[in-house]
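Residue numbers (my numbering), protein chains in the order written: chain A, 1 to 669; chain B, 1001 to 1319.
To be clear, the hints were calculated from the coordinates, so they are not data collected in a lab. If you're wondering where the values come from, they're calculated on a predicted model, not measured in any experiment. Keep in mind that the hints are not guaranteed to be accurate.
[Said to hold, decoys possible] Now the stretches of chain A that chain B is said to cover, found in silico as 3 or more residues with beta-carbon under 8 Å:
| # | segment |
| --- | --- |
| 1 | 103-114 |
| 2 | 388-402 |
| 3 | 431-440 |
| 4 | 445-454 |
| 5 | 535-543 |
| 6 | 597-611 |
[What the hints assert, rightly or not] Simulated restraints on C-beta separations:
| # | chain 1 | residue 1 | chain 2 | residue 2 | range |
| --- | --- | --- | --- | --- | --- |
| 7 | B | 1065 | A | 533 | 17 to 27 Å |
| 8 | A | 458 | B | 1065 | 18 to 28 Å |
| 9 | B | 1043 | A | 595 | 54 to 64 Å |
| 10 | A | 558 | B | 1033 | 15 to 25 Å |
All C-beta atoms in this analysis are idealised placements derived from N, C-alpha and C, irrespective of residue type, glycine included.
One letter stands for each residue in the lines below.
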Amino acid sequence: MSGPVLAAVLAAVTVLACLAVLAAPSRALPSVAGAGAGVVGAVGVVYGVAAISGGLAPVSVGWLVPLAGLRLAADATSGLFMVVTGAVGVVVGIYTAGYAAHGHMGRTPLSVLPLFLACMLGVPLADSVTTFLFLWELMALSSLLLVLAEARRREVRDAGVWCAAMTHLGFVAVLVGLVVFAAAAGAEGFPELSASAASLSPATRSAVFLLTVAGFGSKAGLVPLHAWLPRAHPEAPGPVSALMSAAMVNLGIYGILRVDVTLLGPGPRWWGLALLAAGAVTAVYGVLQAAVATDLKRLLAYSTSENMGLICVALGTAMLLTASGIPAVAAVAMTAALVHLVGHAAFKSLGFLAAGAVAAATGLRDLDAFGGLAPRMPTTTAAFGIAALGASGLPLGCGFVGEWLLLQSLVHALPAGGTMVALVMPLTVGVVALTTGLGTAAMVKAFGVGFLARPRSAEAERASEVGRAMAVGMGLAALACGVLAVAPAVLAPALSRVLPELPAGAGTPQPRLGALLRLPGVGGSMSPALLALGVAAGVLLAFGATQWRARRRPAPRTAELWACGGGALTARMQYTATSFAEPLQRVFDGVLRPDVELAVTHYSQAPYLVAKVTYRSRLRDTVETSLYTPVIRAVAAAARIARRAHMGSIHAYLAYGAAGLIVALLVAR
Amino acid sequence: MSAAGAAGMVLQVAATAAGAPLVVGGMRQVRARLEGRAGAGWAQPWRDLRKQLGKQRIDPAGTTVVFAAAPFLLAGTSLLIAAIVPAVTTASPLDPVGDLFAVVGLLLVGTVALTLAGIDTGTAFGGMGASREVTIAALVEPTVLVAGFALSVPVHSSNLGEIVAATVGDPGRVASPAAMLAFAALAVVVVAETGRLPVDNPATHLELTMVHEAMILEYTGPRLALIEWAAAVRLTVLLALLANLFVPWGVADAGSGTVGLLVGLLAVAGKVLVFAVVLAGVEVFLAKLRLFRVPELLAGSFLLGLLAVTTSYFLAAPG
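Start from the sequences and build out the full structure, keeping to the hints where you can.
Here it is in structure tokens:
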């Protein structure tokens, strides 16, 4: 199919899906909503595959957006992001059919779901500044409506305010950046911008770079612009969190990739370093917060921030290496960014869907109240286990290949980079390694404390497995995780078309993602499939070894647990998520800065004897409290001053109007 | 893939599997003698394993498949690592399959399996051990990767076989400051990863101070045997890796014949023996660190690793 036909089909399916959800009878609502989102996602996958295959003509509809018109074009880079978004959409659609049947999502949010998905599919298609900004804002607004699905709860409304404010501050940054870019270039189409980017003054380019990176970074959750992400993603309903964390944040990366790397780039070396530093700070801060979080969905949201940080590290490395003239390794870094992006979409959508399933079954999100879900919800437990394995970046999980590629590019960047690179690269390796280690700790906590052991609350005790539609949705995502974990070669055809479009990958030999991962200019190799086979063989060998003397063993029996001889254990004696993370919290005390209250009450007669000890520890986002609180306070103070001008007198308002008119006339003259 | 490489791989897996308990037994014996005890003899771990394998398996109430599968996953990853690392030969056919980063990841997979099993028991000790183990594992990670970075920079490869082979060809590299710093950093890592003093006390009987032992308190019989054996394999493999990374001589390569492989086997066995005796001897003079002092030790070794990378760069850079 050609470009215009695909674009028309996507638009038509979206409108039909939204209308169908609005018109569907109540009983059929979940299925219709699920099918609607699923079909939009499927169209997106088809569109994306067509875009990756190439040869789609640009679409231009002059009448649709006032003054500028709608301009769409799809290259392989857009295609890759569309396939990822579409695939997440299909999975989420199937899952929603089951999730909405629990009555967790009303008609309005369900009808916005296809629109949100279509906007996310549209953003990578945009080929002019106006179209891009239009779709970007539409995506932000529809996501806001979805976050507010359960607006009756106070936390949801708070999250909505944060989401709206941060999204729009980011939008303003992107808007100003792109408008400056377009004004300096004298055109607003992406092809024209690309052609004239090199002739802009360095100051303009850098200003555009900083503004757009800040704007896109706020969407991707880069520290310190991440504050909305761990609030909004957890408060949204399960399927929406999955869409936001697995698809929408990717578009922040897409923005950086499209505008800063492709259109503006290749830039000076400090661009790469700046992106790398922002990514590194985000990765460590995000994973640290995830390691100490006790709310399951908040933990996953911080992990999203962490992974976007890693992707930015890879992008920054690619930019730095391109600027330093090591294109072969830059291509490895760029591959790492793209592979990790796809892997993250797979495991994070699965993680949020499983968390949503637990929330639907128990009404809980607090890990300290979880436990014992494995025998009660085996499918969900398995799904979350696969997601957690991917998120911890260990071999056999689907996050490993991306991190391995990133480490390879960092290690092999050293010889030709100069002193700066020699200092930055080992530190970055340390950052990536610390992120992997702490990510593992966070995921062990989420899976172990959350799903294993014994129930810590009555709700967890009563949990039962979710329905078939939700299980199928999670199963599909788990399948994607499995395939990406052992056979990253499935991405090879797409990457071989995407990389030549990017400055980092043009004109160099590309990494070969076959059964054995071989990298150009790098003497390192790894094979995820053979590693998995090797582990399987090792497990079989170990099993064989334990058969020695098996015949003379008595039959196994079940026995009580060791309680130091002190009677039966209760569920209260288990480690909770808070206690599990306590050592890490103490190690990173200086960064996390928990509010600790310790009050010791003594007996009045005997001051050396302690009557009562009260201990309370609360963790808040340090960046948020130390950076945002003063800003919010300043804005509120400014608003109080401005309020004095609004005294309610009509004469004063008329005077303001007249003064405004005079100023406008003076300026316009 | 050469026949010699494949034979060497089989040989090193078999030798590690059979010899690992003896290494642990030998270390205990050295400690016992230095502390003035008679000791149980160097073959005692094998006698223990035989006894455990003949015992009844006891399933703690309320545990899931995670508890049952963890020992096998731990043993499976340990065997795979034994097949990958250049212990007897640098030409293991699995060498290109997993480089240093993959080996570190596999070690972590085994650790994670055991921590999950510890949590799965639902006891306070299981959770406590898991929490401590994961904290240490998370903080070890930067050191080991940065030290690995230092080693792979001069060779332009992170595959262990190539690193060792390159060191054989260029002996001067061992004496470079970068290699020595990396050695110090990796030695701390091996101590932390295998739960030896001063990070963890493998001989402790007090639950409150345990790390590794607290996670496996509920294991009995054949599963316990498997865990003990896998832990010994990990210790042996890491010692062999450390030995061959910095004292590679004697290791067989793709062209070695039977004699070469036997020499490789004897060489690595001798090196592991020396390293194990030294480690056990040093342990006699050490007390276990407080858990919250361990990060300081690991931060120090991370700095050593970082220095190793920067020296390897500045010494390699012309002018």
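Status of the hints after comparison with the structure:
Here's how the segment 103-114 of chain A fares: 0 of its residues keep a CB closer than 8 Å to some CB of chain B, so the rule of at least three is not met and the hint is violated. Beta-carbon proximity to chain B at under 8 Å applies to 6 residues in the segment 388-402 of chain A; the threshold of 3 is reached and the given coverage holds. With 8 residues having a beta carbon nearer than 8 Å to a beta carbon of chain B, the segment 431-440 of chain A meets the requirement of three or more and the stated coverage holds. Under the rule that three or more residues need a Cβ within less than 8 Å of chain B, the assignment of the segment 445-454 of chain A holds, with 7 such residues.
Note: the segment 535-543 of chain A has 9 residues with beta-carbon separation from chain B under 8 Å; the three-residue rule is met and the coverage holds. Residue count for the segment 597-611 of chain A with a Cβ under 8 Å from a Cβ of chain B: 0. That is fewer than the three needed, and the coverage hint is violated. Between residue 1065/B and residue 533/A the CB atoms are about 21 Å apart, so this pair conforms to the stated range of 17 to 27 Å. As the Cβ distance of residue 458/A to residue 1065/B is approximately 25 Å, the hint placing it in 18 to 28 Å holds.
At roughly 56 Å, the beta carbons of residue 1043/B and residue 595/A sit within the given window of 54 to 64 Å. About 42 Å separates the C-beta atoms of residue 558/A and residue 1033/B, a value inconsistent with the hinted range of 15 to 25 Å.
Checked against the numbered hints given earlier, the structure breaks hints 1, 6, 10 and satisfies all the rest.
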